[in-house]
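Residues in the sequence shown are numbered from 1 upward in steps of one, following full-length UniProt numbering.
Worth flagging that the hints you see were computed from the coordinates, not collected in a lab. It is possible that part of the hints are untrue.
What the hints assert, rightly or not - FRET-style restraints, in silico, Cβ to Cβ:
#, residue 1, residue 2, range
1, Q25, D195, 40 to 46 Å
2, K214, Y42, 42 to 48 Å
3, K214, K24, 36 to 42 Å
4, D195, T218, 33 to 39 Å
5, N220, Q25, 27 to 33 Å
6, Y230, Q50, 54 to 60 Å
As the list claims (entries may be wrong) - SDA-like cross-link-like pairs, simulated, lysine to any residue; straight-line CA separation at most 25 Å:
#, residue 1, residue 2
7, K146, G165
8, K146, I173
9, K34, T75
10, K193, A140
11, K214, G40
12, K57, Y105
13, K30, G46
14, K24, G40
15, K214, L71
16, K57, T43
17, K57, H77
18, K193, L205
19, K153, L174
20, K153, H142
21, K193, L174
C-beta atoms are modelled at their ideal positions from N, C-alpha and C, and glycine is treated no differently.
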Amino acid sequence: WRGGGSWRGEGGGGGGGSCSSSSKQGHAIKQVFKDLEFLGWYTTGGPPDQSDIHVHKQVCEIIESPLFLKLNPMTKHTDLPVSVFESVIDIINGEATMLFAELTYTLATEEAERIGVDHVARMTATGSGENSTVAEHLIAQHSAIKMLHSRVKLILEYVRASEAGDVPFNHEILREAYALCHCLPVLSTDKFKTDFYDQCNDVGLMAYLGTITKTCNTMNQFVNKFNILYDRQGIGRRMRGLFF
1 WRGGGSWRGE GGGGGGGSCS SSSKQGHAIK QVFKDLEFLG WYTTGGPPDQ
51 SDIHVHKQVC EIIESPLFLK LNPMTKHTDL PVSVFESVID IINGEATMLF
101 AELTYTLATE EAERIGVDHV ARMTATGSGE NSTVAEHLIA QHSAIKMLHS
151 RVKLILEYVR ASEAGDVPFN HEILREAYAL CHCLPVLSTD KFKTDFYDQC
201 NDVGLMAYLG TITKTCNTMN QFVNKFNILY DRQGIGRRMR GLFF
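Make the full structure from the sequences, and use the hints.
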């Protein structure tokens, strides 16, 4: 349930959202999404204030003990800028006052989602994707796999040279190579191929979605600048027309 738009006025203070209309909307949501449960509402901004408490009191009239999720898009921390709160009643100056108590939460994600989202969320201040934490981790994994591939290739060349008689047999090295072959898993099953291609498609889709989002943002900025420039040119023509 989003609280930022329909509950607040344009000035950002406590809004005049109608409780009756909100209750009707809540019942309509339950009818449309029968398999989902209405848990609470969310908005954006800094720490919770009185306007959030005002909205939360109205939501409490629709459901009991709703959750309040707040996203802070301006934070500079590397942690996920999302906080979840529940309401508690405390006695302050002899009056019952509603306060927010922050809750702890964990994220349940798949591997492809976690890689894509963490890569975007942990961008450095310079905006360079190569310096993100995920990129550094993937580079380290790539270097390790590349080193493993080169050493396995060297062992394979030695075995082939031994079979061809180019180098003398060394039974100790051959036994170690045989043991290494049993340590390395054989990843040629149909299930592995299916899961591997599914994961590759998920990662590629996440990357494409990020690119599309950036493109839409750039296009939106271009449209805004174009509209501002067009309006200024129109005002200039009207002003010149007054002097004639």
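Hints, one by one, checked against the model:
1. Judged by the Cβ atoms, the range 40 to 46 Å given for Q25 and D195 holds: they are separated by roughly 41 Å.
2. One distance hint, 42 to 48 Å for the beta-carbon pair K214 and Y42, is violated here, with the actual separation near 24 Å.
3. Distance hint for K214 and K24: a CB-CB separation of about 39 Å, consistent with the stated range 36 to 42 Å.
4. The supplied range of 33 to 39 Å is met by D195 and T218, whose beta-carbon atoms lie about 35 Å from each other.
5. Hint check: N220 to Q25, Cβ distance near 29 Å, so the stated range 27 to 33 Å holds.
6. In this structure the supplied range 54 to 60 Å is violated for Y230 paired with Q50, their Cβ-Cβ distance being about 41 Å.
7. Only pairs whose Cα atoms come within 25 Å are accepted, and K146 paired with G165 is rejected, the gap being roughly 29 Å.
8. At most 25 Å may separate the alpha-carbon atoms for a hinted pair to count; K146 and I173 meet this at roughly 22 Å.
9. Pair hint K34 plus T75 does not hold up; C-alpha atoms about 36 Å apart against a cutoff of 25 Å.
10. With a CA separation close to 24 Å, the supplied pair K193 and A140 stays within the 25 Å bound.
11. A distance of roughly 30 Å separates the Cα atoms of K214 and G40; the hinted pair therefore is violated under the 25 Å criterion.
12. Our distance criterion of 25 Å between C-alpha atoms is met by K57 and Y105, whose separation comes to about 23 Å.
13. Note on K30 and G46: the hinted pairing is violated, with a Cα-Cα distance of about 30 Å set against a maximum of 25 Å.
14. Annotation: proposed proximity of K24 to G40 holds, straight-line Cα distance about 15 Å (limit 25 Å).
15. Pair hint K214 plus L71 holds up; C-alpha atoms about 20 Å apart against a cutoff of 25 Å.
16. Between K57 and T43, the direct Cα distance comes to roughly 15 Å. Compliance with the 25 Å bound is thereby established for this hinted pair.
17. The hinted pair formed by K57 and H77 fails the criterion: a straight-line CA distance of about 30 Å is larger than 25 Å.
18. With a CA separation close to 18 Å, the supplied pair K193 and L205 stays within the 25 Å bound.
19. Restraint check: the Cα-Cα separation between K153 and L174 comes to about 14 Å, which is no more than 25 Å; the hinted pair holds.
20. At most 25 Å may separate the alpha-carbon atoms for a hinted pair to count; K153 and H142 meet this at roughly 16 Å.
21. Restraint check: the Cα-Cα separation between K193 and L174 comes to about 30 Å, which exceeds 25 Å; the hinted pair is violated.
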